[in-house]
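J.: Can you make the complete structure from the sequences, with help from the hints?
Protein chains in written order, with our numbering: chain B, 1 to 342; chain C, 343 to 729.
Just so you know, these hints were derived from the structure itself, not from any lab. Be a bit skeptical, because a hint or two may be false.
[Unchecked claim] No more than 25 Å apart at the CA atoms, straight line, and that leaves these computed lysine to aspartate or glutamate pairs for DMTMM-like: (1) C:Lys-446 - B:Asp-80; (2) C:Lys-446 - B:Glu-16; (3) C:Lys-549 - B:Glu-138; (4) C:Lys-490 - B:Asp-148; (5) B:Lys-160 - C:Glu-468; (6) C:Lys-490 - B:Glu-16; (7) C:Lys-425 - B:Asp-291; (8) C:Lys-490 - B:Asp-80; (9) C:Lys-537 - B:Asp-80; (10) C:Lys-383 - C:Asp-431; (11) C:Lys-555 - B:Glu-138; (12) C:Lys-633 - C:Asp-715; (13) C:Lys-446 - B:Glu-138.
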Amino acid sequence: MVVFAALAFLLPYVGEIPVIGPQIVTQGVDWPSALFNMSYYVLLALGLNVVVGFAGLLDLGYVGFFAVGAYTVALLTSPDSVLRTEWGWLAAVPVGLAVAMVSGLILGWPTLRLRGDYLAIVTLGFAEIIRIVATSTETLRGDRGFADIPHPPGTLADGKPMFGVADATPYYWLGLAVIILVILAVRNLDRSRVGRSWLAIREDEEAAEIMGVRTIKYKLWAFAIGAFIGGLGGVMFAGEQGFMNSGTFVLQFSILVLAGVVMGGAGNIAGAILGGALISYIPDRLRGIEDPIWHTDLFGFRFAIFGAVIIAIMIFRPQGLIPSRRRAMELKDREKEVAPIE
Amino acid sequence: MRQVLVRAIGGLAVVGLIAGAAACNSDSGSDDTASGNCGYKLAFFGALTGPAANLGVNIEQGFELAINQYNEKKGSDCITVAKFDSQGDPGVAPGVARNLVADKKIIGIVGPAFSGESEAADPIFEQAGVPSISPSATRVSLSANGWKTWHRAVANDDAQGPAAGNYIKNVMKAEKVFVADDQSAYGAGLAEVVKKTLGTAVVATDKTEADGKQTDFSALVTKVVSSGATALFYGGYYQNAGLIRKALTTAGWKGTLVGGDGMKDPGLAKAAGNAAATGTIVTCPCSPPEKAGGTFVTDYKAKWNVDAGTYSDVAFDAANFMLQGIDAGNTTVEKLNTYLGATEYKGIANTYKFTPTGELDPKFIKVWAFKFDAAGNTIADQEVPAV
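T.: As structure tokens, this is what we get:
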């Protein structure tokens, strides 16, 4: 674990390694920026993994929480905001996270009676509401967005700000530190009574309820924690970009994160991290590479290539790249159950 | 055993895909011939893919044409074109911009094309000191950031909006005007200024979704028809505008559709049908490309096999402005920036001189009105006062 974390912190310098390094780093996007993008995708995947992977609640509107976190920070800090508070980034973070968490509860409360497909539809609606409100209300400034969102505080020894605009490495390190904290917290939750309750709910909600698991409470927990982590991704995003508008929070983004979690291995933290990193890394890596036939940027084909990769993964590893051990066992069990009927 | 094999093959396939893509890196080594002020790069930054790519491609082609002509004149590949595709997305722009400034051979940028991505990317260019000229980002607030390396070669929305409003009021003599916008940074900003100019002539307002997100405009059409307006100003882009024009004609509305430079594209006539689009007025803080001096129009057509589009000529001028600076020996970002700030440059579309905030000098601001003809082309109508 510690070795992994140390290696992750050194990733911005991977380009220096001869032969292998240049194959890994992105060409069209600055490598530290690509790493930072990966870090907030990983955060989102970790959060969604709690909701989908642990508690088994299919959430298609997860990016809504990301948007709530980012917009709260923007509203509190940007000089464009109607509030005109112009707080520092750090001061706005706890508020952003709290608002994201509360919005998770607000969404969770009425939707708790729903299951499966129905829950997916309601969450889909939630994401659309967030998007439309962001686009259409005067307060949230739609496509015009918020400029001059302050960066995280801190100055270096030479007086320059620690989090500048020219280098994304510090943002990546900050993101990584947050990810490590989130991993520790989520892993502890998963191994606790809460985690076991989620597991029971995921496997069979009625049975869990009869056995004395308070399903409503633990489903709300899952939603709120997922929303909190999604909000974390949002506040990081706002702090790095300095500018945000409604264009970022499209539905496709939600689906991409969900694809990342399923691809990596739902219910497994390592799997979610890998999946989240890949959905951000693959398109960025394709940028700046010329395809041999049409001589255009391969980036233009990103979704086609991406789709092919996902299909390949789903055919050869339906349980995900790094599956949850329990899920893999379940899939095996089901295979056995199905076999005689064939 | 079989399963293990399948897994191994699957894993290999995925790794192979990624590694295969990685193997054909386009990043080839560049040669160092710094003689005769050569060996430098000029960059285009804007959308080349994505929903707003049309405008980006117009600009890129004008920009690339200028550099090709310069290289031909020099008889060598003196200045290299570097293209940076931001997709017009402020979320993508910073990463691409950091990648741009990492290349120390790039000493000038034409772009960013849109206002949103400008907000996200320009602070990075500013910190790196790389001078940029945007041929199309018209948001007013951009010049208020105190950026020293930022310039724009067109008038901002505060100039275009009043011109469109004046045209509706004085030339069309419309007394009832309906104002709608697509809620984009560009469309909403422009519509706001037009509303201010028109004052009480505005009978009603409405909003639509952005381009590509809405195809049924019957709600807007009903409102326009029942408002009794004789003119509709739409702040938005050509795709929506074309569909709106089509729906309005189908509903029997006889008034005129008026819009800004975002609607000045043959795509409007394509979406609406040439007959419906005829008579639609678009304003643009640009000169008609056919009035552009020299052989630009024919050169452009010969090179790209399409007609020069909106801002192609401005991008051509911006690139030539920088090339002239490089030719004069300004081969560092600082020198080139000083040169751009101090020089008056006469291009094919306009004469350029920048104010200390990077805006175009007000005396060179031109706004033209264009009319769609029966063949779906925009024909220059008249120059309109931008006050």
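J.: Work down the list of hints and note, for each, if the structure agrees.
T.: These are the hints, each one checked on the structure:
| no. | hint | in the structure |
| --- | --- | --- |
| 1 | C:Lys-446 - B:Asp-80 | 34 Å, violated |
| 2 | C:Lys-446 - B:Glu-16 | 18 Å, holds |
| 3 | C:Lys-549 - B:Glu-138 | 12 Å, holds |
| 4 | C:Lys-490 - B:Asp-148 | 16 Å, holds |
| 5 | B:Lys-160 - C:Glu-468 | 15 Å, holds |
| 6 | C:Lys-490 - B:Glu-16 | 33 Å, violated |
| 7 | C:Lys-425 - B:Asp-291 | 16 Å, holds |
| 8 | C:Lys-490 - B:Asp-80 | 21 Å, holds |
| 9 | C:Lys-537 - B:Asp-80 | 21 Å, holds |
| 10 | C:Lys-383 - C:Asp-431 | 24 Å, holds |
| 11 | C:Lys-555 - B:Glu-138 | 19 Å, holds |
| 12 | C:Lys-633 - C:Asp-715 | 17 Å, holds |
| 13 | C:Lys-446 - B:Glu-138 | 41 Å, violated |
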